[in-house]
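**Q** Offset between the sequence shown (1-based) and the numbering used here: plus 6.
Note that these hints are calculated values from the structure, not bench results. A portion of the hints provided could be inaccurate.
[What the hints assert, rightly or not] In silico DMTMM-like links for lysine to aspartate or glutamate, alpha-carbon gap of 20 Å or less:
#, residue 1, residue 2
1, K88, E105
2, K88, D57
3, K88, D98
4, K88, E54
5, K88, D113
6, K106, D80
7, K109, D57
8, K106, D126
9, K109, D98
10, K106, D116
11, K88, D126
12, K88, D117
13, K88, D112
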Amino acid sequence: MRISRKLKVLLPVLTAATAAVFIYSLWSKKGPDDFSCVASFSQHYANENIDVSLRFMFSGQAGVVSINGRARSDPQNIFNRKISFSMRRHQDIYYMTSEKNIKFPDDNVDDGWLSQYQPDFFV
């Protein structure tokens with residue numbers, strides 16, 4: 007059986023294109039790159055003002071967030087925690103689930119007090 011000249015050229019080109027698409031599909035399914043972000047802000051409530059600092063560090067399907075801050079009405083109310091979390095993606099939305107919550111020695115607020123002002127993810 008004799009292969010035509012066009013087929014001899016077309017076959018390697020199609021093979022290379024198929025390989026390129028396959029490699030790209032594997033690469034594009036990779037999770038987000040490692041990154042971090044930092045935010046400092048004040049929360050204002052009817053009976054309390056709280057200064058908060060957050061630092062998120064993401065790595066693939068997991069990450070760590072550090073949250074610390076203090077109440078302005080009572081500067082002795084200090085919270086300082088590190089939370090490890092897992093992350094999953096559904097379309098363009100990322101869902102984070104806290105796995106482990108570490109309270110540092112200078113964290114002296116009750117979990118009940120903190121849950122009044124912060125999401126349960128941080129408590």
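**Q** Compare the distance between the alpha carbons of K88 and D117 with 20 Å, and conclude whether the hinted pair is satisfied.
**A** Given pair K88, D117 holds - Cα atoms ~14 Å apart, limit 20 Å.
**Q** Is the hinted pair K88 and D126 satisfied, with a Cα-Cα distance of at most 20 Å?
**A** This hinted pair holds, its Cα atoms lying about 14 Å apart.
**Q** CA of K88 to CA of D112, is that 20 Å or under?
**A** With Cα atoms ~12 Å apart, K88 and D112 stay inside 20 Å; holds.
**Q** For the pair supplied as a hint, K109 and D98, confirm whether the alpha-carbon distance does not exceed 20 Å.
**A** violated, 32 Å
**Q** Holds or violated: K106 and D116, Cα atoms, limit 20 Å.
**A** Holds, at roughly 17 Å.
**Q** Regarding the pair K88 and D113, is the alpha-carbon distance no greater than 20 Å?
**A** holds, 11 Å
**Q** Is the straight-line distance between the alpha-carbon of K88 and that of E54 20 Å or less?
**A** Cα-Cα ~23 Å, so violated.
**Q** Within a Cα-Cα threshold of 20 Å, do K88 and D57 meet the stated pairing?
**A** Since the Cα atoms of K88 and D57 sit roughly 17 Å apart, the hinted pair holds (cutoff 20 Å).
**Q** Check whether the Cα positions of K109 and D57 lie no farther apart than 20 Å.
**A** Between K109 and D57 the Cα gap is close to 18 Å, so the pair holds against 20 Å.
**Q** Would you check the hint for K106 and D80, treating anything up to 20 Å between C-alpha atoms as holding?
**A** violated, 28 Å
**Q** Is it true that the CA of K88 sits at most 20 Å from the CA of D98?
**A** With a Cα-Cα distance of about 26 Å, the restraint between K88 and D98 is violated, given a limit of 20 Å.
**Q** Going straight from one Cα to the other, do K88 and E105 come out at no more than 20 Å?
**A** holds, 11 Å
Hint compliance for this structure: hints 3, 4, 6, 9 are not met, and every other hint is.
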